[in-house]
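Start from chain A and add chain B according to the hints.
Protein chains: 2
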Amino acid sequence: MSINIKRTAQKRVVIVGGGLGGLRLAEDLKGSGMQVVLIDKNNYHQFPPLIYQVASAGLAPSSISFPFRQLFRHRKDFFFRMAEARAVFPDKKILQTSIGKISYDHLVFAAGATTNFFGNKDVEEWAIPMRTMSEAMGLRNALLSNLERAMTCATEEERQELLNIVIVGGGATGVEIAGAISEMKRYVIPNDYPDMDASHMHIYLLEAGDRLLAGMSKESSDKALTFLKSMGVDVQFGKMVTDYRDFRVMIKDGTSIATRTFLWVSGIRAQPITGIDGDRLGRGFRINVDEYNRVQGLDGIFAIGDQCLMTADAAYPKGHPQLAQVAIQQARLLAQNLRKIDHGDASLTPFHYKDLGSMATIGRNKAVADIGKIHTQGFIAWLLWLVVHLRSILGVRNKLVVMLTWAWQYITYNNSIRTIVYATKPKMIRERIKREATTHLGEDLMEEEKE
Amino acid sequence: MSINIKRTAQKRVVIVGGGLGGLRLAEDLKGSGMQVVLIDKNNYHQFPPLIYQVASAGLAPSSISFPFRQLFRHRKDFFFRMAEARAVFPDKKILQTSIGKISYDHLVFAAGATTNFFGNKDVEEWAIPMRTMSEAMGLRNALLSNLERAMTCATEEERQELLNIVIVGGGATGVEIAGAISEMKRYVIPNDYPDMDASHMHIYLLEAGDRLLAGMSKESSDKALTFLKSMGVDVQFGKMVTDYRDFRVMIKDGTSIATRTFLWVSGIRAQPITGIDGDRLGRGFRINVDEYNRVQGLDGIFAIGDQCLMTADAAYPKGHPQLAQVAIQQARLLAQNLRKIDHGDASLTPFHYKDLGSMATIGRNKAVADIGKIHTQGFIAWLLWLVVHLRSILGVRNKLVVMLTWAWQYITYNNSIRTIVYATKPKMIRERIKREATTHLGEDLMEEEKE
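Protein sequences, first through last, are from chains A and B. The end of the first sequence is residue 455 by the working numbering, with every number in the run present. The end of the second sequence is residue 455 by the working numbering, with every number in the run present.
Hints are computed from structural coordinates only; laboratory data are not their basis. Warning: the hint list may mix true and false statements.
A pair holds if it fits inside one copy or across any two, identical chains being indistinguishable in the list.
As the list claims (entries may be wrong) - As a list, the in silico DSSO-like pairs of lysine-lysine whose alpha-carbon atoms are at most 27 Å apart:
(1) Lys45 with Lys431
(2) Lys429 with Lys377
(3) Lys344 with Lys10
(4) Lys34 with Lys403
(5) Lys431 with Lys256
(6) Lys45 with Lys403
(7) Lys125 with Lys431
(8) Lys96 with Lys322
Chain A with its partners taken away, still in its complex shape (with noise of 0.2 Å):
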């Protein structure tokens, strides 16, 4: 295998990661005159804020997903390619991916950033983390699943450890996805388990601080508290998860909570990767760049997003939270620096985060909002969440089908995509999935590149 794609006089840009500021950089590249590559491992672009809602089986995961190729139709000097970075040899100025080297005259790292089970290999191996699209599906699969079979399984003690749901981590996600299951245990459950008493079903929230959404302004994390504990989540503070063993999620203070379901939302860490040494490593495995995104001592290399840690911004010193607005004011701003570049032009413009708010929605009509000095919770806050993610979905189709779901949920209270369902892996595809997790990482492959 090989890139397979054509050196011309241009200079060539490879981004690594089309999330938000992958994907960002990539479009605000159009007309640059250079040549932008975009690597992913999946093919399409996934929205982060709503893979929750894939989850607790409120949205298609078609709804939030977006084709690249869809996206970057008749846009010239752009090529996509789905493959995953292995390893960048800077002295090279190469980058080797699972399917062949590519070169490049500057390399953005924009991977993002993984589920951290902070080398708890109990954790790793039996909890749900819910980062990607695939994994979501894989949740909101288990979760249903786990359902069907509280119906009939042989002991009390299991049909409690099956209806036992425990999330760990109490940041956006973790608030967000505790309210989506509570409200399908309070509204979907009971039409649709007649013959199961739904109080038994037990959402637990465990965060190790004092309070959620640290991040957030104190009104609404106390908000959020009150919103949950209206909806029947027990979530609890102070709590270390330590391991996970005979269905037990153990806890350090010396309790334990049995369950099945075991959500692991409690921490992030950058991508990892090859030829990028731990010693250019910043808190959470981020990539210390400087305030021009780039990479200090490895000339063309820049890392933006949750994948960089940048300390040169006032504001920040301990560098920005890993949220999409950062990521994308990155991606906005290095588009721009990589033109000047391009042009000879030396002036570079330094990146200083705009902290345009934040929010979270735990459930009808009940959301929390951070914006500038305003901070507000409850059903102003939660159509603003509405609007503001409806908006950032991209496609009208989407948006149009997402917008219709919503409607229909808010409506009906009822979230109907509660199918389990895996696509099989025909023999071909499997195949080549083992092939190409082993590609090496060798240099020989280099001359199959065209000039």
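Quick look at chain B alone, frame taken from chain A:
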């Protein structure tokens, strides 16, 4: 595990399979005074006629699947269990499933048919079938993944293997998927893959017989062929596929076609069940039934739809075609007859199939329809096809989403659900699937059923 459904004074009807027949039967038994238990390996009903559009990235899986529990909300004396039927013990009136045993008064097999590979192991191993939602999702992923790899493979030979699509079987499914893929080739590929020559993509439709849509009129068969040819599909007759080796489809006449996208929609066989002996099976492993859909000699056991073979209907001495309408009509009648049996009324009504016609769609404005003596092809047939299928989709939300999606595609020439995505399978679920797959066929679990 146990089925865990209380026996009452009511008679119990156990239905195996919630396809078009099983679902209709369960619905028509509403208010019958009997306890109805529906067993299906999936937790949702799927709509077979549109599964091919999931494979061709036209429809989201959720648009044409519907959770059983949703369908039977507020229904008394109805129970759903997600399980696989394994074996029946007719003497004891007990059905063994993957999650335990269940006793019955009336047992109805409505599990339909599965792909028939006619004993060819290589074909079974490598070919992609398209009977279920999971298989259609798998095919979509494989199709798109092969296109991605056609961009990056090392040799011209492999590229051609990736761009050749071989569909075996010229029935409705083969014709419809061939048409859908050829529209993707025409309208989507040139935009999505500007650096690929779409003309290298070659779609073969191989049929062993001498015409397409063998169950339809000669005019419709001919017109379907004309449509497909005009759309660039290479239709070949008299092609009996014998094997698949080294990425080549081997044909009995000594020729072969290289491909890595090998679709098998060439034949079906009834779902097997242990306990129904071979001498009770007819053509295609279908369970022989009398004119009341009773399995002769097995008290209280019935079979309907694709899974049964009825030769007592005078107009169909060789049995009925395996079509949705047969299953639905048999289900309707059986519901009436079961009520009679329950009331001790011996005057059962024998089944006579009323052919409501059949249709197949090939592409935009292109369909064929035989309705009684009326055979129409083209735009009118296509409109008819749209209306009939839209009407048959369950649920208002699903109808709306499908209508919106179709309208969108019609206007934009674009099927936009082109994502390659697999749900993860958390360890908890993997272990359970493994365990349930090996449920033994003993009889020791019976005591768990409560009286």
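Results of checking the hints against the structure:
1. In this homomeric assembly, Lys45 and Lys431 come within 27 Å of each other (Cα to Cα) both inside a single copy, at 20 Å, and across copies, at 23 Å.
2. In this assembly of identical chains, Lys429 and Lys377 lie within 27 Å of each other by CA distance neither inside one copy nor across copies; the values are 51 Å within and 43 Å between.
3. When the C-alpha separation of Lys344 and Lys10 is checked against a cutoff of 27 Å, the pair qualifies only within one copy, where the shortest distance is 24 Å, while the shortest distance between copies is 75 Å.
4. Proximity of Lys34 to Lys403 under the C-alpha cut-off of 27 Å is restricted to the intra-copy arrangement: shortest distance 24 Å within a copy versus 39 Å between copies.
5. Only between protomers do Lys431 and Lys256 lie at most 27 Å apart by alpha-carbon distance; the minimum there is 24 Å, versus 44 Å within a single protomer.
6. For the homomeric pair Lys45 and Lys403, the shortest alpha-carbon distance inside one copy (25 Å) is at most 27 Å, but the shortest distance between copies (33 Å) is not.
7. Taking the closest pair of Cα atoms, Lys125 and Lys431 come within 27 Å of each other only across two copies (13 Å); inside a single copy the shortest separation is 30 Å, beyond that limit.
8. Taking the closest pair of Cα atoms, Lys96 and Lys322 never come within 27 Å of each other, the shortest separation being 32 Å inside a single copy and 72 Å across copies.
In summary, the numbered hints that this structure violates are 2, 8.
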